[in-house]
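Order-wise, the sequence lines are chains A and X.
Note that my numbering has the first sequence beginning at 7, numbered continuously upward.
Note that my numbering has the second sequence beginning at 7, numbered continuously upward.
Quick caveat, the hints were computed from the structure, so don't treat them as lab data.
Careful: at least some of the hints might be erroneous.
You can't tell identical chains apart in this list, so a pair holds if it fits in one copy or across any two.
Below, computed lysine-lysine pairings styled on DSSO-like, alpha-carbon distance capped at 27 Å [said to hold, decoys possible]:
#: 1; residue 1: K71; residue 2: K132
#: 2; residue 1: K17; residue 2: K132
#: 3; residue 1: K184; residue 2: K17
#: 4; residue 1: K132; residue 2: K80
#: 5; residue 1: K80; residue 2: K184
#: 6; residue 1: K80; residue 2: K17
2 protein chains.
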Amino acid sequence: MFLIRSMEHTKVKMRTHAANSLTLLNISFGIIAIILVVRGYTHTSQLFIFLAAFSDRFDGMLARKLNTESDFGKQLDSLCDLVSFGIAPAILIYQTAFHNIPDIGLVFITVYILCGAIRLARFNVKEFDGAFYGIPITAAGIILTFFSFFVPILSVLFFGMITAILSILMVSNIRIPKM
Amino acid sequence: MFLIRSMEHTKVKMRTHAANSLTLLNISFGIIAIILVVRGYTHTSQLFIFLAAFSDRFDGMLARKLNTESDFGKQLDSLCDLVSFGIAPAILIYQTAFHNIPDIGLVFITVYILCGAIRLARFNVKEFDGAFYGIPITAAGIILTFFSFFVPILSVLFFGMITAILSILMVSNIRIPKM
Numbered sequence: 007m008f009l010i011r012s013m014e015h016t017k018v019k020m021r022t023h024a025a026n027s028l029t030l031l032n033i034s035f036g037i038i039a040i041i042l043v044v045r046g047y048t049h050t051s052q053l054f055i056f057l058a059a060f061s062d063r064f065d066g067m068l069a070r071k072l073n074t075e076s077d078f079g080k081q082l083d084s085l086c087d088l089v090s091f092g093i094a095p096a097i098l099i100y101q102t103a104f105h106n107i108p109d110i111g112l113v114f115i116t117v118y119i120l121c122g123a124i125r126l127a128r129f130n131v132k133e134f135d136g137a138f139y140g141i142p143i144t145a146a147g148i149i150l151t152f153f154s155f156f157v158p159i160l161s162v163l164f165f166g167m168i169t170a171i172l173s174i175l176m177v178s179n180i181r182i183p184k185m
Numbered sequence: 007m008f009l010i011r012s013m014e015h016t017k018v019k020m021r022t023h024a025a026n027s028l029t030l031l032n033i034s035f036g037i038i039a040i041i042l043v044v045r046g047y048t049h050t051s052q053l054f055i056f057l058a059a060f061s062d063r064f065d066g067m068l069a070r071k072l073n074t075e076s077d078f079g080k081q082l083d084s085l086c087d088l089v090s091f092g093i094a095p096a097i098l099i100y101q102t103a104f105h106n107i108p109d110i111g112l113v114f115i116t117v118y119i120l121c122g123a124i125r126l127a128r129f130n131v132k133e134f135d136g137a138f139y140g141i142p143i144t145a146a147g148i149i150l151t152f153f154s155f156f157v158p159i160l161s162v163l164f165f166g167m168i169t170a171i172l173s174i175l176m177v178s179n180i181r182i183p184k185m
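Work out the full structure: start from the sequences and follow the hints.
Okay, here's the thing in structure tokens:
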């Protein structure tokens with residue numbers, strides 16, 4: 007009896023850890039992406055942000071599938087998202103698109119990360135009613151990373167505008183049904 | 007009557023914004039610290055991490071004093087702390103102490119940030135009983151930044167050890183009464 011209960015407990019623990027491990031994989035990819043930008047490997051950094059997005063897509067799905075959604079998992083997810091889709095794409099854009107305007111560029115990326123943090127904090131305290139309010143930071147980060155491929159052919163003005171628009175959209179009240 | 011109520015509402019809103027503005031100042035200092043390391047201004051970066059710690063010390067105090075503590079404020083605070091005392095000191099140590107061992111250094115700082123995120127997520131879901139469990143990420147970040155001043159005279163082994171110890175202490179169950 008004790009053995010069965012103990013095995014059941016271990017199974018539940020392993021299932022919970024499975025989803026949280028994917029979340030930790032997401033932030034690890036985000037940290038690697040940041041360091042790769044710092045070391046000048048822009049393209050590899052872009053790849054790691056996409057890998058982070060890939061793990062982020064599956065951690066929530068896995069938690070729901072295994073029925074192990076938890077408050078801790080939700081909190082961890084938001085913290086990791088800020089790193090992988092807030093800090094990492096911001097530094098990527100800063101080092102690629104804004105390197106000729108370092109001070110104005112700093113203002114743009116600071117506002118972007120600030121809006122991302124506000125969006126995540128708001129999301130964590132709101133009851134989820136099947137829709138997002140404001141675009142998720144994951145989407146904003148992926149869009150910014152996608153556009154970083156076009157730095158050689160697009161103007162710095164364009165990157166200023168897209169960073170500002172994504173910042174505003176994150177803290178806006180636009181209702182986006184969850185897919 | 008309407009005017010008085012409206013003014014009262016505006017006052018409450020302004021008070022809430024005062025504490026949250028200090029939290030946003032904390033993350034802004036953290037972002038500036040990160041960019042300064044990336045640009046090679048290590049010493050100025052150290053200063054900005056201490057400025058972030060200074061704002062962090064006062065946002066909670068201000069919220070309690072003005073009686074405007076909120077779930078949103080708590081969430082925002084954790085997100086900002088991960089940037090200013092997780093990412094910023096980690097990149098600072100990476101660029102100063104670990105620049106000769108970039109790959110092993112990446113493992114050390116990734117574990118440090120992961121442990122910081124776990125510590126914050128755990129803190130957010132636990133009822134506060136007057137004490138912290140595990141050292142706060144703010145303390146870990148300040149200690150790491152403090153030791154970064156000694157990079158020229160201390161060995162890389164020391165920095166590996168201090169980063170690992172701080173990581174373990176953050177996710178430990180050591181009970182630290184709040185001062």
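Looking back at the numbered hints, which does the structure fail to meet, lowest number first? Hint 3 alone not satisfied by this model.
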